[in-house]
Structure formats: structure tokens, C-alpha cells
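Undergrad: Here are the chains, one letter per residue:
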Amino acid sequence: MKALQGREVLCCVGSGGVGKTTAAAALALRAAVEGKRALVLTIDPARRLANSLGLKTLGNQETRIEQSLFADAHLSPRGEMWAMMLDLKRTWDELVRRAARTPEQAQAILGNKLYQTLSTSMAGSLEYMAMEKVYELYSSGRFDLIVLDTPPTSNALDFLHAPDRILDVLDNNAMRLVLGPLLKAGKIGFRLLAAPSSLVLRTLARFTGIDFLRDLAAFMLAFEGMYEGFKERAAKVKELLASSRTGFVLVTSPNPLTTQEALFFHRALESDGIRTAAVVVNRVQRDPRRHGGPDNLPALQEALRLAQIKDENHLSDRLCQTLTEQAILADLDRREVDRLRDTLRGVPLFTVPRLRKDVHDLAGLWQIGEYLGGE
Amino acid sequence: MPALLDRRLVVVTGKGGTGKSTLSAAVGLAAARRGKKVLVCEVVAKERVAAFFGKPPSGPQIRELLPNLYSVHVRPREAMREYGLMTLKYETLYKLAFENAAARYFLAAAPSLAEIVMLGKVWWHATQETERSRLRWDMVVLDAPATGHGLTFLTVPEVFLRLVSEGPLARDMRSMMLLLADPAKCSVCVVTLPEEMPANEAIDLDRALRQHHFPAGPLFLNAVFESRFTPAEVAAVTRGGPSLAAAGEAADNHEARADLSRHYEALLRDTVPRELVKVPFLFERTFGAQAIEKVSRAVESTL
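If you're matching them up, the sequences are chains A and B in order. Using the working numbering, the first residue of the first sequence is number 1, and each one after it goes up by one. Using the working numbering, the first residue of the second sequence is number 1001, and each one after it goes up by one.
Rather than coming from a laboratory, the hints here were simulated on the basis of the structure. The beta-carbon is built from N, C-alpha and C at its ideal position, and this holds for glycine as well. Heads up, some of the hints might be wrong.
Partner residues are not named here, just some residues of chain A that face chain B (Cβ under 8 Å, in silico) [what the hints assert, rightly or not]: (1) Gly17; (2) Asn112; (3) Pro288; (4) Gly292; (5) Gly293; (6) Asn296; (7) Thr322; (8) Leu332; (9) Arg334; (10) Gly364.
With the rest of the complex left out, here is chain A (with noise of 0.2 Å):
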């Protein structure tokens, strides 16, 4: 894809089962197999791209993908393929013991009962630790190309703005307040307290109960003097991901539902001033009557006679029927590809049609690839 080259990271993004993991791994190969150092990074929880590359597991951890998975597909990569599975806990771990002043800190917070819940089921979580990761493997220069497979959020803007809303949680001088006096017996020992002071706090406890409003003092109390180094961070990935190295790729299928989607994530980008490098529309039914001949009954009855196949149990009724069905799907697909290509003007546009099997390998994912190539 020329309108990619120059790049150095790839989100696709796009909502769930449209094909985004193919489409990331498929990418991510033609760049290995032109040479590149090529890295896939999905964030899923269920292990799809493992399927895709026909790994049996993939961890946090950096896998090459094996020359024999090449040969099989009869590839020869001039560079190398790597994918990896986001582990969301262990991301957050390790961010915290980097930026923790002392190994007493990163314990503290690590130990924390609210954090481990927090860390690993608030929401906009992944979508954060997804783009910490991707900063983390950038950084070091290991990769000439990154295609992060992002996890099918309902909203784009919770995606870019994750960072933002999780960091908020870490230092919220508002709840800073609320919780004060709380904090404040925290440095003391706040078991000591006997009850919240503030009437704000008081109802708050009313709700959730005082003991959780005491582990989210402690939380806070472990986090101070991290959050700079964390905002630091996150400002330097937001800056990475607005930069002319990265690119985003929006993934669709051609149902309405997604389509419509889709351009509400090309709107957010847009909004953020990120635009749109490219879209993909996956699974795209081709028309059998672009092969021209019959598509009505007498015809195709005609057609059958002629070439000598006899019309039994209603097989030209079955033919006839399946053609108008076939048509009617290509006819809907077309229809929301045009949309697209309207109100993407400008934006490369790739169509991948529906095969006949589903990709669970790497000569599948080339085969995707090569829809992806031209422009």
C-alpha cells in the first residue's frame, strides 16, 4: 500500500468482527515479506491472532513468526515477522515499576487491592496499556514497522483518549479534596479514622460503603509522585500517534451497522486532527453476473438444456434463486462501499472479497495481502 509507506506504526481500527486482526497480520506480513522488521500487536482478550498465523500461543512476549509457517505458504521474507498478545496486567506492571521512585512505591501500588482490580478491568484500560506498548516496542528501534490490532471499542474517542481518563484517575484533585480527610489520617494511619468528616464523603460512603473509599485513599497515597512521570509518557504517545509515522487504518465490513461505524471513527480521528491513512473493506461479495448470461428462469433453463445438464429436483429453480440471493448481497455490499468511497474522498480505499474459506494461515493472510497491495 503506497498510501502506508513512510510509516512506522499501523492501528487498525474499526468495530469487532470486521476482520481487523486478519487485516493487521496481513499487513504486518507484506511488509516482512518486502523486507521489513515487522511486529503485530493484538490486544484482543480472545486469542485471535494466535488462530490467524496458526501459533498455538502467543504471549506478552515478542514471537518470530517460523521460517516453516513460511515455506508452508510458500513465502521467502526478506524480513523478519513478529506478533505478540497484549498481557494487560503485566503492561501495567511494568509500567509502575518503571516509574516508581523506589521498589517500596511499585509494591506498595502492586499490592494494592483496588489497583489489581483497576488495572485490569477499568474501562479504557487495554486501549491505554495497547498504546503504552506499542510506545514501549517504537522506542526500541527493534521493529521498522508496528500494526497494533486495537480491541473492538464502541467508542474511537474512549480509544484516543483513554490516557487521559486513566491518568485523570491516578490524580483527580477534586476527589483529592473529598477524599482529604481521609489521606490525611492515611499518613498517620488511617485506620485510626473513625468515620468521614465531609458530608460529600458521607454520602459517598452511603453508597459504596466507607472501607472502599479507604483503599482508594491508600491507592491515591501510593500513586503520589508517579503521575508526572506517567503523564510525561502518555504525552509522548499521544504525540506519536498524531505524528506522520503512524497511521490509521480503518477497518470495515460492508454492513451498514459497521460502515456507519466506521465513519463515525474516521469523524473522531478527524476531530482529533488525525486523518485516515487508508480503509479496508473486508469481505466484500462479488457479483456472480459481472461473468455476464442468464439470470432468469427460462433462460437458465435454456442454458442447462443446451449444455447438456438435466434440470432435476428444480435445479434451475435452486440456480435462479441463488443468483438473485448472490446478487442482492453484492448489490447491498456495493451500495456501502460507494457510501464509503463518497465521504472518504481522498482517503485509499481497498476491497477484499469475501473468499471461500476462512484465513487461518499465513498463505490466507498473504492472499489478503495482495488486495492490500495495489492502490
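Put chain B on the given structure of chain A with help from the hints.
TA: Using the frame of chain A, we list chain B on its own:
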């Protein structure tokens, strides 16, 4: 065990794009046809069900779609407010506690508070909301978020109770857990497609749901292609020359998809210990009330 349509709460889960909203609407419609008063609750960012029936979005207000069939879009902010008001009773107190910068923080920091209040609202509709001193709804259908998030959503009471054990929220979370674990009142269904990734995710999701002891509802295999041609027929038509090229390709495509359907049906029957309900692929130019009606007719005899 009561039939699916006799449960209080039917949860529809599955990977994104498999047709959860379609199946939620179809199950709701099937129950409504049997005279039950049904509320479909959507909790994802964008609501879809009302549009199926040509109605404007419900938003946080309950909207009648058809006689006996209603929908509502459960959103964190309004759910939070409703729930907060219910617990705190006084508007001013609520405003003081929740409509300020600290609350914004609190919403983000309290583990999945947004999910908690949304699930709380669904639970309230299913078991607490009354009309003329009887329960307002015979059945509540929850169109759950996509796979990974769907499980997080349903296990939110469990996670929350590990952290918070006192207060009104903890008390309601306990009732919610009981409802979600009660096979007489609740059923958690899975929707999937005859494709590799969705099928594999359905297998993982089914296992995780059973590990958490959610009452196992049916597995809906959506968009199934049934075989229509014998291999000999496909071969003959494909070789039938240029005038049959289109027909040959169409038949071949159809059988390729029917093969996939058959393959994943067999795989899922082997690995997922749930009743498998097939939903045929629909060739509709517009996906509306008619399509939902067809899906609902296709599945209702098994519910």
C-alpha cells in the same frame, strides 16, 4: 426448568457483529406474541432495536415498539442518576454527591461503576418495577455488550463485592448475583456465526459463562446457509460453459458457505453443551421488522 420464554431475565451475549440485537429483538418478539409484556434493554453505546421496528431511538425513555414489546437504552449517566436517587432519596444530596468533578473521578475509579448501575437498572426492571401492584414486565431481555466486555458486564457484581461489602450498592449487587445465578428466572444465551473467529469465541465464552455458573440458555447459530446443491451439480454447472458461469459461481459460493455452516455447526455441537438453535441467513434488502419477524418465527418453536 422453565422454557426460555418463561424466564424473567434473558441475557443475550456473543461477539460483536454476530446478531445479538437481532436475536434480542426476536426473542422479545416471540415472547410478546405469547402475550408476555417484554422490555428489551440495550446497554451498548449505540441502540439498534427500536430502529428495527421503524421507531425513533428510545433513549432512556421506555418506548413501545409493538403491542407488548418495549425497548429502552440503558446509559451510564442516566442509570447512575436514577440509581443514585433511588438510594439517596434526595435530589440535592444526589447533586452534591454525584454531579461534580469528584463524581466524574469516582465513576471512573470505582471498579466498573458504570456497568454496575446499568446492570442495576436492568435488574430493577426485571424484579422490582411494579405497575398496579404487580411486576410491570413479564420478561426483560438484556442485549449484552460484545464478548470480552459481555462477560465483564455480567461478573461486575462479583468483582464489586470482592471490594465493597457494605452499603446499599453491595446489598443490591447480592440480589443481582442471585438473579443471574437462578436457572428458574434467568437464562444466558450465546449468539455466534458459522465462521472461525466467532465460533472460537463462542466456545471460550460458553466455557467462561459456565465457570461462573450462569444458567446456560441456547446457543444461537446465526446466518446459517443450508446446502442446496450436490457436489455433482456444482461441478456440472461450473463446467457448463460461459452462459452458466454466473450460475456456477453462485452455486459454488453458496456451497462454500454451506460447508462452513456445516463445519462450525458440528464443531459447536461437539464443544458447547447447550441447545444449538439455527437461524437461517436472511437475504433482505432492508433489515427491519419483517426480518426480525422471520428470525423470531425461525427460533420460537425451540424456546
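Undergrad: Taking the hints in turn, state whether each one holds.
TA: Going through the hints against the structure:
1. Interface hint at A/Gly17: satisfied, since its Cβ lies 3 Å from the closest Cβ of chain B, which is below the 8 Å cut-off.
2. Checking A/Asn112 against chain B: minimum C-beta separation of about 11 Å lies over 8 Å; hint violated.
3. Because the closest C-beta pair between A/Pro288 and chain B is about 4 Å apart, less than 8 Å, the hint holds.
4. Residue-level restraint check for A/Gly292 holds (minimum Cβ-Cβ distance to chain B is 7 Å; threshold 8 Å).
5. Given hint, A/Gly293 at the interface with chain B, holds; its Cβ is 5 Å from that chain's nearest Cβ, closer than 8 Å.
6. Given the 8 Å rule on beta carbons, the hint for A/Asn296 is violated: about 11 Å separates it from the nearest Cβ of chain B.
7. Interface restraint check for A/Thr322: the shortest CB-CB distance to chain B comes to about 5 Å, inside 8 Å, so the restraint holds.
8. Checking A/Leu332 against chain B: minimum C-beta separation of about 7 Å stays under 8 Å; hint holds.
9. A least Cβ separation of about 12 Å between A/Arg334 and chain B goes past the 8 Å threshold, and the interface hint is therefore violated.
10. Taking 8 Å as the C-beta cut-off, the interface hint given for A/Gly364 is violated, the closest approach to chain B being about 10 Å.
Comparing the model with each earlier hint shows violations of hints 2, 6, 9, 10; every other hint is respected.
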